[in-house]
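Engineer: These protein sequence lines are chains A and B, in that order. Under this note's numbering, the final residue of the first sequence carries the number 131; numbering is consecutive throughout. Under this note's numbering, the final residue of the second sequence carries the number 262; numbering is consecutive throughout.
One or more hints might be untrue.
[Unchecked claim] Label pairs and their in silico Cβ distance ranges:
1. A:Ser9 - B:Asp235: 29 to 35 Å
2. A:Arg51 - B:Gly245: 39 to 45 Å
3. B:Arg190 - A:Lys49: 30 to 36 Å
4. B:Asp141 - A:Gly27: 41 to 47 Å
[As the list claims (entries may be wrong)] Capping the alpha-carbon separation at 30 Å, the derived lysine-lysine pairs in DSSO-like fashion look like this:
5. A:Lys97 - A:Lys15
6. B:Lys184 - B:Lys146
7. A:Lys97 - B:Lys213
8. A:Lys101 - B:Lys213
9. A:Lys15 - B:Lys184
10. A:Lys82 - A:Lys101
11. A:Lys14 - B:Lys232
12. A:Lys82 - B:Lys228
13. A:Lys15 - B:Lys180
14. A:Lys49 - A:Lys101
15. B:Lys228 - B:Lys145
16. B:Lys184 - A:Lys14
17. B:Lys146 - B:Lys232
18. A:Lys97 - A:Lys49
19. A:Lys14 - A:Lys53
20. A:Lys53 - B:Lys228
21. A:Lys82 - A:Lys53
22. A:Lys14 - B:Lys145
23. A:Lys14 - A:Lys82
24. A:Lys49 - A:Lys14
25. B:Lys180 - A:Lys49
26. A:Lys53 - A:Lys15
27. B:Lys228 - A:Lys101
28. A:Lys101 - B:Lys180
29. A:Lys15 - B:Lys145
30. B:Lys232 - A:Lys49
31. B:Lys146 - A:Lys15
32. B:Lys146 - A:Lys14
33. B:Lys180 - B:Lys146
34. A:Lys53 - B:Lys184
35. B:Lys184 - B:Lys228
36. A:Lys15 - A:Lys49
37. B:Lys213 - B:Lys184
38. B:Lys232 - A:Lys82
Calculated from the structure, these hints are not laboratory results. All C-beta atoms, glycine included, are put in the ideal place defined by N, C-alpha and C.
So you can see what is in the structure, the chains are spelled out below.
There are 2 protein chains.
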Amino acid sequence: MTEIPATHSDLLDKKTFAHVATIGPDGEPQNNPVWFDWDGAVIRFSQTKGRQKYRNVQREPRLSLSILDPDNPYRYLEVRGKVVGIDDDPDNEFIDKMAQKYIDQPQYPWHQPGDERVVVRVQPVHTTTMG
Amino acid sequence: MTEIPATHSDLLDKKTFAHVATIGPDGEPQNNPVWFDWDGAVIRFSQTKGRQKYRNVQREPRLSLSILDPDNPYRYLEVRGKVVGIDDDPDNEFIDKMAQKYIDQPQYPWHQPGDERVVVRVQPVHTTTMG
Numbered sequence: 001m002t003e004i005p006a007t008h009s010d011l012l013d014k015k016t017f018a019h020v021a022t023i024g025p026d027g028e029p030q031n032n033p034v035w036f037d038w039d040g041a042v043i044r045f046s047q048t049k050g051r052q053k054y055r056n057v058q059r060e061p062r063l064s065l066s067i068l069d070p071d072n073p074y075r076y077l078e079v080r081g082k083v084v085g086i087d088d089d090p091d092n093e094f095i096d097k098m099a100q101k102y103i104d105q106p107q108y109p110w111h112q113p114g115d116e117r118v119v120v121r122v123q124p125v126h127t128t129t130m131g
Numbered sequence: 132m133t134e135i136p137a138t139h140s141d142l143l144d145k146k147t148f149a150h151v152a153t154i155g156p157d158g159e160p161q162n163n164p165v166w167f168d169w170d171g172a173v174i175r176f177s178q179t180k181g182r183q184k185y186r187n188v189q190r191e192p193r194l195s196l197s198i199l200d201p202d203n204p205y206r207y208l209e210v211r212g213k214v215v216g217i218d219d220d221p222d223n224e225f226i227d228k229m230a231q232k233y234i235d236q237p238q239y240p241w242h243q244p245g246d247e248r249v250v251v252r253v254q255p256v257h258t259t260t261m262g
């Protein structure tokens with residue numbers, strides 16, 4: 001298992017975004033911000049089954065998360081990792097937990113009828129840091 | 132040429148970071164924040180020749196920039212694009228301009244002896260937005 005450098009592991013516990021780069025169907029990079037959490041072993045983020053990113057990580061499990069320190073934008077942590085699991089989230093338990101963390105609401109307010117949520121679990125493989 | 136949606140083009144003029152996803156030597160995504168500017172046609176960011184990202188964009192010109200609105204983190208713009216030029220910046224003119232924009236200093240303060248800077252020019256190909 002790859003260790004997160006102790007100098008930057010605090011970023012994984014902050015209320016900041018991870019910009020998640022995945023590989024699209026034609027091998028091109030795709031990139032967008034997500035809410036995430038970290039349990040000391042895996043980074044988790046939510047995704048709906050309708051989104052391109054969900055298909056991307058099923059095809060190519062390698063991804064990279066770029067995370068800025070909200071308290072010092074000249075500190076960052078990049079976590080390159082691989083998707084080690086995609087779990088259904090039928091009761092929106094995980095996305096509701098993220099809503100609590102990020103916007104202090106017990107329920108995710110932007111749920112759309114028909115959205116099927118999953119939890120993507122990422123194991124760190126390599127890190128880069130600045131600051 | 133791909134248009135940047137008028138609803139989100141203001142993000143390209145703000146003092147915010149672009150998280151740049153490129154493709155590494157083994158086809159894996161890499162991702163990190165950069166300063167950038169936009170002239171209405173291309174996005175530009177600085178890079179040193181010693182960095183992996185410089186080699187990445189020479190090998191694979193497709194990249195993706197994920198840009199959050201600093202004034203509303205639930206607005207973002209993703210710009211997928213291709214590198215249309217890499218220009219030497221021997222006098223650090225461009226990186227100094229970025230230092231002026233981002234940290235209000237006329238000269239980039241973290242220049243290291245031996246760093247050779249280039250300016251990467253990116254033409255937008257596709258965009259996604261939220262918020």
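Engineer: Hint by hint, note whether the structure agrees.
Structural biologist: Status of each hint after checking the structure:
1. Distance hint for A:Ser9 and B:Asp235: a CB-CB separation of about 31 Å, consistent with the stated range 29 to 35 Å.
2. For A:Arg51 and B:Gly245, the Cβ-Cβ distance of about 43 Å falls inside the hinted range of 39 to 45 Å, so the restraint holds.
3. With their beta carbons about 33 Å apart, B:Arg190 and A:Lys49 fall inside the hinted range of 30 to 36 Å.
4. Checked against the hint of 41 to 47 Å, the C-beta distance between B:Asp141 and A:Gly27 comes to roughly 31 Å, which is inconsistent with it.
5. A C-alpha spacing of about 13 Å is found between A:Lys97 and A:Lys15, which places the hinted pair at or below 30 Å, so the restraint holds.
6. Taking the CA atoms of B:Lys184 and B:Lys146, the gap is about 22 Å. The hint holds against a cut of 30 Å.
7. Among the hinted pairs, A:Lys97 with B:Lys213 is inconsistent with the structure: their alpha-carbon atoms are about 37 Å apart, more than 30 Å.
8. Distance restraint check for A:Lys101 and B:Lys213: the Cα-Cα separation of roughly 36 Å exceeds the 30 Å cut-off, and the hinted pair is therefore not satisfied.
9. Using a Cα cut-off of 30 Å, the hinted pair A:Lys15 and B:Lys184 holds, with the two alpha carbons roughly 27 Å apart.
10. For the given pair, A:Lys82 sits about 24 Å from A:Lys101 by alpha-carbon distance, which is consistent with the 30 Å threshold.
11. Of the pairs offered as hints, the one joining A:Lys14 and B:Lys232 holds, with about 27 Å between alpha carbons and a cut-off of 30 Å not exceeded.
12. For the suggested pair A:Lys82 and B:Lys228, the alpha carbons sit about 37 Å apart, so the restraint of at most 30 Å is broken.
13. Between A:Lys15 and B:Lys180 the CA atoms are separated by roughly 33 Å; this puts the pair beyond 30 Å, and the hint is violated.
14. Of the pairs offered as hints, the one joining A:Lys49 and A:Lys101 holds, with about 22 Å between alpha carbons and a cut-off of 30 Å not exceeded.
15. Note on B:Lys228 and B:Lys145: the hinted pairing holds, with a Cα-Cα distance of about 14 Å set against a maximum of 30 Å.
16. Using a Cα cut-off of 30 Å, the hinted pair B:Lys184 and A:Lys14 holds, with the two alpha carbons roughly 27 Å apart.
17. Pair hint B:Lys146 plus B:Lys232 holds up; C-alpha atoms about 7 Å apart against a cutoff of 30 Å.
18. Simply put, A:Lys97 and A:Lys49 have alpha-carbon atoms about 19 Å apart, close enough for the 30 Å limit, and the pair holds.
19. The suggested pairing of A:Lys14 with A:Lys53 holds, with an alpha-carbon distance near 23 Å, which does not exceed 30 Å.
20. Simply put, A:Lys53 and B:Lys228 have alpha-carbon atoms about 35 Å apart, too far for the 30 Å limit, and the pair is violated.
21. In summary, the hint linking A:Lys82 to A:Lys53 is supported, as the alpha carbons are separated by about 14 Å, within the 30 Å threshold.
22. For a cut-off of 30 Å, the pair hint linking A:Lys14 to B:Lys145 stands: about 24 Å separates their Cα positions.
23. Simply put, A:Lys14 and A:Lys82 have alpha-carbon atoms about 22 Å apart, close enough for the 30 Å limit, and the pair holds.
24. Of the pairs offered as hints, the one joining A:Lys49 and A:Lys14 holds, with about 27 Å between alpha carbons and a cut-off of 30 Å not exceeded.
25. In summary, the hint linking B:Lys180 to A:Lys49 is not supported, as the alpha carbons are separated by about 39 Å, beyond the 30 Å threshold.
26. This hinted pair checks out: A:Lys53 and A:Lys15 have alpha carbons roughly 22 Å apart, not beyond 30 Å.
27. For a cut-off of 30 Å, the pair hint linking B:Lys228 to A:Lys101 is broken: about 37 Å separates their Cα positions.
28. Taking the CA atoms of A:Lys101 and B:Lys180, the gap is near 40 Å; set against the 30 Å cutoff, the hint is violated.
29. A hinted pair counts as satisfied when its Cα atoms are at most 30 Å apart, and A:Lys15 with B:Lys145 qualifies at roughly 22 Å.
30. As the CA atoms of B:Lys232 and A:Lys49 are separated by approximately 40 Å, the hinted pair breaks the 30 Å bound.
31. Straight-line distance between C-alpha atoms of B:Lys146 and A:Lys15 comes to about 20 Å, which keeps the hinted pair within the 30 Å bound.
32. Only pairs whose Cα atoms come within 30 Å are accepted, and B:Lys146 paired with A:Lys14 is accepted, the gap being roughly 22 Å.
33. For the suggested pair B:Lys180 and B:Lys146, the alpha carbons sit about 25 Å apart, so the restraint of at most 30 Å is met.
34. Using a Cα cut-off of 30 Å, the hinted pair A:Lys53 and B:Lys184 holds, with the two alpha carbons roughly 22 Å apart.
35. The suggested pairing of B:Lys184 with B:Lys228 holds, with an alpha-carbon distance near 21 Å, which does not exceed 30 Å.
36. With a C-alpha separation of about 25 Å, the suggested pairing of A:Lys15 with A:Lys49 holds against the 30 Å cut-off.
37. Note on B:Lys213 and B:Lys184: the hinted pairing holds, with a Cα-Cα distance of about 14 Å set against a maximum of 30 Å.
38. Restraint check for B:Lys232 and A:Lys82: the C-alpha separation of about 36 Å exceeds 30 Å, so the hint is violated.
Consistency note: the structure conflicts with the earlier hints numbered 4, 7, 8, 12, 13, 20, 25, 27, 28, 30, 38.
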